[in-house]
Amino acid sequence: MAQVERKGAVSEELLREFYREMLLIRRFEEKVEERFRAGELPGFLHVAIGQEAVAVGVCRALQDDDVIASTHRAHGHTLAKGTHPNELMAELYGKVEGCSKGYGGSMHLYDVERGNLGANAVVGGGLPGIVGAALAFKFRDEPRVAVAFFGDGATNIGTFHEALNLAQLWLVPAVFVCENNGWAESTPAHQQLPIDDLSKRAEAYGMKARRVGGQDVEEVFAAASEALEHARGGDGPVLLVCDTFRLTGHYVGDPQVYRPRDELARLRETEDPIEKLSARLDLTDEDVQEIEAEVVEIVEGSVEFAKAGTDPQPEDALKNVYA
Amino acid sequence: MAQVERKGAVSEELLREFYREMLLIRRFEEKVEERFRAGELPGFLHVAIGQEAVAVGVCRALQDDDVIASTHRAHGHTLAKGTHPNELMAELYGKVEGCSKGYGGSMHLYDVERGNLGANAVVGGGLPGIVGAALAFKFRDEPRVAVAFFGDGATNIGTFHEALNLAQLWLVPAVFVCENNGWAESTPAHQQLPIDDLSKRAEAYGMKARRVGGQDVEEVFAAASEALEHARGGDGPVLLVCDTFRLTGHYVGDPQVYRPRDELARLRETEDPIEKLSARLDLTDEDVQEIEAEVVEIVEGSVEFAKAGTDPQPEDALKNVYA
Amino acid sequence: MPELSYREAVRDALSQAMRQDDDVFILGEDIAEMGGSMGVTQGMLDEFGPERVRNTPISEMAIVGAGIGAAMQGMRPVVEVMYEDFTTLAMEQIVNQAAKHRYMSGGQLKVPLTIRTQGGAGWSPGAQHAQQLEAWFVHVPGLKVVFASTPSDVRGLLWSSIYDDNPVMFFEHRTLYGIKEDVPEELEPIPLGQARIHREGEDVTVVATGRLVHEAIAAAGEAEAEGVSVEVVDPRTLLPLDEATIVDSVKKTNRCVVAHEAVTRMGFGAEVAAIVQHQAFDYLDAPIERVGSRFVPIPFAPVMEEWVVPHSNDVLAAIRQTVGRSESSNGAGHVE
Amino acid sequence: MPELSYREAVRDALSQAMRQDDDVFILGEDIAEMGGSMGVTQGMLDEFGPERVRNTPISEMAIVGAGIGAAMQGMRPVVEVMYEDFTTLAMEQIVNQAAKHRYMSGGQLKVPLTIRTQGGAGWSPGAQHAQQLEAWFVHVPGLKVVFASTPSDVRGLLWSSIYDDNPVMFFEHRTLYGIKEDVPEELEPIPLGQARIHREGEDVTVVATGRLVHEAIAAAGEAEAEGVSVEVVDPRTLLPLDEATIVDSVKKTNRCVVAHEAVTRMGFGAEVAAIVQHQAFDYLDAPIERVGSRFVPIPFAPVMEEWVVPHSNDVLAAIRQTVGRSESSNGAGHVE
Ligand SMILES: Cc1ncc(C[n+]2csc(CCOP(=O)(O)OP(=O)(O)O)c2C)c(N)n1
Ligand SMILES: Cc1ncc(C[n+]2csc(CCOP(=O)(O)OP(=O)(O)O)c2C)c(N)n1
Ligand SMILES: [Mg+2]
Ligand SMILES: [Mg+2]
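Residue numbers (my numbering), protein chains in the order written: chain A, 1 to 323; chain B, 324 to 646; chain C, 647 to 982; chain D, 983 to 1318.
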């Protein structure tokens, strides 16, 4: 029964929470695009519009002391893992109040207290560290799981191969979540991946793998819960491939010259994970407006918070190099 | 018919040639062990005793202008690819007459004229280069194949993953020959490989793969011929896994404390590729003695040649850094 | 004389080489449809097609290695590593393979490979997209190392790198892509190993690379207003190094500043300082000053990033420091 | 005072740390049953078991990265990279991850990781098993770099590295494993960042690291016979560097030689030379001489290998060179 409850029917209430979180990510990312256009945000920014169901589905399946490593496309994961939008936005503005105190930026979001061990601007760079974190959990007999997010493009880098091999060999409690959006920057799948089904990559390690529709948060949540249980139970790591869509450019400002003109519009129509979820929920217009208003307020608040934040002193740059 | 001839029945004559070559490698390697114990050979030496059928089976299937990249365990490949034992032995003695002119040594054997692009002392180090060589052949529409040898241990390094992925993606004429001897130095398969069947690693790239008994030279030759034909025909690369046995230590002088005491004796009994081949051949005692004598003379000659060779001048070290 | 941006100058060298020579091709991440993350190869896919303008998976080791393999077959590949921070992934192939094949083979092989990469701070990319790592490669026998600072230099040097029979690490600086310069109508190859004197002067020699060449030129202008005449030398090729031009300059000026964006500690300036103090010992009227980034990873927040990396005022301060010492103090006691 | 070999001293530091502290464990290729390619960890599997003496696949990136991840969870892993030539495979993890996590997180994380590795020429391993690459890491803010030359140093420094809260690159030299020294009964931690004066002297300071410390001591003995008194300083920690001890020594002796096995160009000696000429400019009576390997990959043939790397006679020649200059020539003209 518990089994069914956990894996199968996600309660309407929980789904509403997912909805709210996904919408928060969406509105947050839209705000990032807007503030970037306004010239307020430094750095290289990659938003997760279209991929919200993966971030939320996976992170909501985590327990509080599980840890994650994220990627250059990190805002969604970071919010879903519990960092307050204020702290995230403040980081994007380079403020002391930011989740990385202004040292990291969009591609280096950390929130160690909440189990975010860092977004990584080097593709695949965070995967071995997740194996190590999971190894520490195993050493200490802690029922914790370490989770790595990464894109389809990252499955081509040697780090991916070595990390998954090691994880399986040592049967550490790790889950590898591939956000398979069919692109690595401008490079489409067929130019970088000689296979269609990325979950097959797990066979090289005898690793348990699962491939799910990443636009369906319920499906992601269920699969992630199962993967986490497997890993937490000592049965070894899991590769979870979530097929998803990048409903935006690679980076904020990307003219996407490489992308078929109509693809984006069509996908926005058919593959929006928030629309999909909303279609399944019994949301009244009032509900929708209420959630929307709440979320927008939070996002607006985060911009205010960030702008009112403190710029580091130049000399602060000398701190935090060594412990 | 040609098909059958090529793949199926290898003529008795050809098999005798294989026998002679395998025996040459064996006697050469034994001589290397002997000369090392006598304190004559500098450097780190790894002999291929037990793995002769892979070197000969693959290299005899090559065409003359195909190229190979080898490993730290390179003597067998080098001899099988046509380098004269004199030049190989001279290299091991660090002589100007050596196949790398004394600059390379056992782990860096080159013979570019004969298509040996170099042994590599970095595990996996030669694989990407083989992809590049194959790409050049493809660019130039040359019907040549580039072949990489490597061990089971090398399938765990990122270079392997990236190289195979790239090769398949670009459908270059390359063949990846894994000499699966169950050990990486002192590390047994179960401590480094979470799967049993290494040919499965090809599935991560959708690459054609074949696993064969590497102690049976006929089987290796047939499989290699097929793989080369596939690659040469433009159908893409092949992973060829040859299960074999290291009937000796990892390096010359290795006390093998890590290896079950009786394993080696037992394997030498049951898994000697030369014994296996000889059992299949109609060799008279006279034949055997004749071949033995011939091979021993060559090997002895190579030591004489090497010892009579020229030591480089110290200042020669300044040459060949830049073209 | 057409005017080219640094970006266009790189593209022009690549394109001209590819037009005249089938053996030249380029490979790298997102260099095709997108034209590279910095837009350097924009339009080249259309002209040369996807075989020769080859998009790759994210596999820095393999793409550098594939370049090595093709180069050993006599081609002249140009690999783009998107950020020099990612050369960290390809160090094995660059250092153990590309740099050593010729030597280990006793001269049987050549590796005419060019690895283009870019980096540097500016616009807050953060610690993993802003390093300046050229010094590492200067420590590797078998490699050549180029760091071009102007459109004409980058064009002529890239050409020579492509046609050099050795592996060349070719560094571009991200903030320079937009700068413009009149360049000769015909591409003029610039031999590797030749420094460029950007500005002659009498009192101090500033040896600068990459972005700091421009900061040094600016600082020289300001110093002139203070009555100090500065000679600005850009080695352009860091390996092999045109030691003669640098040393002769210092023998004339008796003072030396070395400036680059990389962190000072163990940076290229250390090598220059070590050479200059050795070869021009008796000519030096002041310690050689080094200008570089502070010894920290590049921080994200713009105020910190800006403060960490050197600018013309830092070069100027170093110039002042060297001329601030009276000549007579040399050898006669310690002046702090 | 027990006598320990350098090899035993490393093992002793590892074992003592593992005995007192569950958070310390070691991982690397062939470190378990075989005891490491250099026999350093022999016997440790028996004492500590396969979980804490962890054999790994050939995956330099992942094993360094796994060390990073475990370190971020508060463990104190010691990763062995079999040859420093293979650090080339792990540069990304070392440089972009280990060195930067603390900084990029604004101080939220610590990475108390030690990466032990060894290298150097000797016995003809060839170009890919003999490099000395320590200089690269000195260029990376966030790392510490140690290079120990004696049994007592290696023991005390390794202990401090394990208990340092930062990632430490810990270099051992292959030819030193057999050397012996009396060491204190109780392990005495040696603080990182403290140089050791091996021998006091008046006329020349030789700053040497790794194997060259021993060559320098030998050269100092020979120089003494010639009437030249040599002070030999081993920085031991290359980053952070004990500049004061070096500079004070040169201020006393007025002459300086820097010696290491790595190639001279862009080697650690360049940094020392740059610092010394800067901080002791007015004290220097002669150019700082650098001793290092010739600028070639390490060749195989013993006669070439031997000739390429520096020995005590090279240090002695450099000492002679510095004292061969008359003091009065300084500042008064050029002496070649
Ligand atoms: C090692 C490395 N190479 C190249 C890059 C540049 N880069 C940043 S994101 C990206 C594409 C990543 O694709 P994918 O992993 O599918 O993630 P997505 O952007 O689709 O979320 C590339 C090539 C990088 N950051 N790191
Ligand atoms: C990158 C790298 N790591 C470690 C080593 C040290 N090493 C040399 S051979 C070897 C084992 C190789 O095993 P395998 O690939 O199976 O080849 P085999 O020796 O069994 O023929 C190791 C770890 C190396 N040469 N290169
Ligand atoms: Mg993607
Ligand atoms: Mg093996």
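Hints may contain errors.
[Unchecked claim] Simulated restraints on C-beta separations:
| no. | chain 1 | residue 1 | chain 2 | residue 2 | range |
| --- | --- | --- | --- | --- | --- |
| 1 | C | P886 | B | G556 | 41 to 51 Å |
| 2 | B | E363 | D | Q1303 | 34 to 44 Å |
| 3 | D | P1032 | A | P143 | 19 to 29 Å |
| 4 | D | D1003 | A | L171 | 17 to 27 Å |
| 5 | D | D1147 | B | G557 | 27 to 37 Å |
| 6 | A | P188 | D | E1033 | 42 to 52 Å |
| 7 | A | D197 | D | P1032 | 29 to 39 Å |
| 8 | B | D520 | D | P1032 | 22 to 32 Å |
| 9 | D | E1029 | A | G82 | 39 to 49 Å |
[Unchecked claim] Example chain B residues on the side facing chain D (calculated, C-beta under 7 Å, incomplete):
| no. | residue |
| --- | --- |
| 10 | G362 |
| 11 | G366 |
| 12 | G417 |
| 13 | G425 |
| 14 | M430 |
| 15 | A444 |
| 16 | G476 |
| 17 | I480 |
| 18 | E508 |
| 19 | H513 |
| 20 | P583 |
| 21 | S601 |
| 22 | L604 |
| 23 | T607 |
Think of the hints as simulated: they come from the structure by calculation, not from any bench.
Note that the Cβ used here is the ideal one computed from N, Cα and C, for glycine as well.
Hint-by-hint comparison with the structure:
1. For the pair P886/C and G556/B, the beta carbons lie near 45 Å from each other, so the given range of 41 to 51 Å is met.
2. Judged by the Cβ atoms, the range 34 to 44 Å given for E363/B and Q1303/D holds: they are separated by roughly 38 Å.
3. P1032/D and P143/A have their C-beta atoms about 23 Å apart, which keeps the hinted 19 to 29 Å range intact.
4. A C-beta distance of roughly 24 Å is found between D1003/D and L171/A, which places it inside the suggested range of 17 to 27 Å.
5. Distance hint for D1147/D and G557/B: a CB-CB separation of about 56 Å, inconsistent with the stated range 27 to 37 Å.
6. At roughly 44 Å, the beta carbons of P188/A and E1033/D sit within the given window of 42 to 52 Å.
7. A C-beta distance of roughly 35 Å is found between D197/A and P1032/D, which places it inside the suggested range of 29 to 39 Å.
8. At roughly 25 Å, the beta-carbon separation of D520/B and P1032/D lies within the given 22 to 32 Å, and the hint holds.
9. One distance hint, 39 to 49 Å for the beta-carbon pair E1029/D and G82/A, holds here, with the actual separation near 42 Å.
10. Because the closest C-beta pair between G362/B and chain D is about 12 Å apart, greater than 7 Å, the hint is violated.
11. A distance limit of 7 Å between C-beta atoms decides the matter here; for G366/B the minimum to chain D is near 4 Å, and the interface restraint holds.
12. Interface hint status for G417/B: upheld, as the beta-carbon distance to the closest one in chain D is roughly 3 Å, under 7 Å.
13. Annotation: G425/B was flagged as interfacial toward chain D, and the flag holds, the nearest CB pair being 4 Å apart, inside 7 Å.
14. At its closest, the beta carbon of M430/B sits 5 Å from a beta carbon of chain D; the interface hint therefore holds under the 7 Å criterion.
15. Hint status for A444/B relative to chain D: holds, with the closest Cβ pair at about 4 Å, below 7 Å.
16. This hint holds: G476/B has a C-beta 5 Å from the nearest C-beta of chain D, less than the 7 Å allowed.
17. A cut of 7 Å between beta carbons decides the hint on I480/B: the least distance to chain D is about 5 Å, and the hint holds.
18. For E508/B, the shortest C-beta to C-beta distance to chain D is roughly 5 Å, which falls under 7 Å, so the interface hint holds.
19. Restraint check, H513/B versus chain D: the minimum CB separation of about 10 Å is more than 7 Å; hint violated.
20. Interface hint at P583/B: violated, since its Cβ lies 11 Å from the closest Cβ of chain D, which is beyond the 7 Å cut-off.
21. For the restraint placing S601/B at the interface with chain D, the shortest Cβ-Cβ distance is roughly 34 Å, beyond the 7 Å limit, so the hint is violated.
22. Because the beta carbon of L604/B sits about 37 Å from the nearest beta carbon in chain D, more than 7 Å, this interface hint is broken.
23. For the restraint placing T607/B at the interface with chain D, the shortest Cβ-Cβ distance is roughly 43 Å, beyond the 7 Å limit, so the hint is violated.
Of the numbered hints stated above, those contradicted by the structure are hints 5, 10, 19, 20, 21, 22, 23, listed in ascending order.
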